[in-house]
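In order, the protein sequence lines correspond to chains H and G. Position one of the first sequence corresponds to residue 1 (the working numbering), numbered consecutively onward. Position one of the second sequence corresponds to residue 229 (the working numbering), numbered consecutively onward.
Think of the hints as simulated: they come from the structure by calculation, not from any bench. A hint or two may mislead.
[To be verified] Straight-line distance between alpha carbons at most 25 Å, and here's what the computed SDA-like set of lysine to any residue pairs gives:
| # | chain 1 | residue 1 | chain 2 | residue 2 |
| --- | --- | --- | --- | --- |
| 1 | H | Lys128 | G | Gly266 |
| 2 | H | Lys128 | G | Ser306 |
| 3 | H | Lys128 | G | Arg268 |
| 4 | H | Lys128 | G | Tyr265 |
| 5 | H | Lys128 | G | Arg258 |
| 6 | H | Lys128 | G | Arg267 |
| 7 | H | Lys128 | G | Arg279 |
| 8 | H | Lys128 | G | Asp253 |
| 9 | H | Lys128 | G | Leu274 |
[Unchecked claim] Only part of the chain H face toward chain G is listed, based on derived beta-carbon distances under 10 Å:
| # | residue |
| --- | --- |
| 10 | Phe42 |
| 11 | Asn48 |
| 12 | Met142 |
From the three backbone atoms N, C-alpha and C, an ideal C-beta is built for every residue, glycine too.
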Amino acid sequence: MSARAPSRTDALLAAADDELILGWRDSEWTGIAPSLEEDVAFSSIAQNEIGHARALYELAARETGGDADALAFDRRPADYCCCPLVELRRLDWADTIARHWLYETADAVRIEALAASDWPELAGLARKIQREEAYHRLHADMWVDRLAGGEERARLGGALESTWLYALGVLDGQLRERFRERVAARLPWFEAAGEPGVEHTRGTHTAELEPLWDEMTMVRRSVPGAQW
Amino acid sequence: MIWEVFRQEREGAAFAHAGSLEAADEAFARAYAHELYGRRNESRALWLVPRAEVRTVDEFVDEFERNYRRVDGYSLKSRLREARERAGTQPD
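Working from the sequences, and respecting the hints, build out all of it.
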């Protein structure tokens, strides 16, 4: 992307890229989730996230030109606007649940803000996404409640701790503080303190994005312009 | 814990057994049923029943072959044909 002034598509692309990359990461559990039921549920959530990304890209493409696929697959890794949290490769289920729950909690705050946008198409799309995200939050909440209520709490706590600063990097300003309050309200035993560093905050990328991008865009790059 | 899932396709339709799932508690059962039996908009509502709450009746003694109680114990086809012949009508 060329350098330009901040536009109303920036927040849109940030949300779209988050959903695409997290959808990709979550789909890495397909086939190996802790149970068959969880496998279907988590894969379905991953698919939903990618569906949200597509709808957001389509709206963004109406502003910037091009199409949703070009936005999703034709940019260089450095041009994506996703936050470091969604890029992390999480191969442990407790880590995945910690990230999933923190992301859904932050995403709820963001979607509420987008639903109040004075851009009517974006507000309408945000409300549609909200209705589906309600199930993701339900799923994330039930896992966190279950793990927090038993002897697994220490393991969940460790996972939350290693993910927490990245989670703070999803949002900024008022929205970040609103997110922090929700975490504290739901998990009073977790110390929701601290400030994210540059490496945790949107605007930088982790080393884990590039291999993901490589895999994600491989087919697209192999036959440029192919129709599927 | 095993849960039996019943699925309603349309408003007013009878719930039919859809399958079962394993879930740690009711919250998990609800979430999993939602995804396993509802993510394609194929259900209007689901019933979740813990398998332990299902009572089974599976003894059906029929020592005296009371076949008149069964639909196949009474042949309607030949009687219908005879009646039609008497009335001089043919089936549509």
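Hinted pair, alpha-carbon criterion (25 Å max): H:Lys128, G:Gly266. Please report holds or violated.
Between H:Lys128 and G:Gly266 the Cα gap is close to 18 Å, so the pair holds against 25 Å.
Need the status of pair H:Lys128, G:Arg267: alpha-carbon distance at most 25 Å?
holds (16 Å)
Against chain G, with CB atoms and a cut of 10 Å, does the hint on H:Met142 hold up?
holds (4 Å)
Can you confirm whether the C-alpha distance between H:Lys128 and G:Leu274 stays at or below 25 Å?
holds (23 Å)
With the threshold set at 25 Å, check whether the alpha-carbon distance from H:Lys128 to G:Tyr265 stays at or below it.
With Cα atoms ~21 Å apart, H:Lys128 and G:Tyr265 stay inside 25 Å; holds.
Given the proposed pairing of H:Lys128 with G:Arg258, does the C-alpha separation stay at or below 25 Å?
Roughly 22 Å separates the two Cα atoms, so the pair holds.
Holds or violated: is the Cβ of H:Asn48 closer than 10 Å to a Cβ in chain G?
holds (9 Å)
Given the proposed pairing of H:Lys128 with G:Asp253, does the C-alpha separation stay at or below 25 Å?
Since the Cα atoms of H:Lys128 and G:Asp253 sit roughly 29 Å apart, the hinted pair is violated (cutoff 25 Å).
Between H:Lys128 and G:Ser306, is the straight-line Cα distance small enough, at 25 Å or below?
violated (60 Å)
Quick one, are H:Lys128 and G:Arg279 close enough, alpha carbons at most 25 Å?
violated (36 Å)
Regarding the pair H:Lys128 and G:Arg268, is the alpha-carbon distance no greater than 25 Å?
holds (17 Å)
Evaluation of the interface hint that places H:Phe42 against chain G, nearest CB under 10 Å
holds (9 Å)
In this structure, the hints that do not hold are numbers 2, 7 and 8, in rising order.
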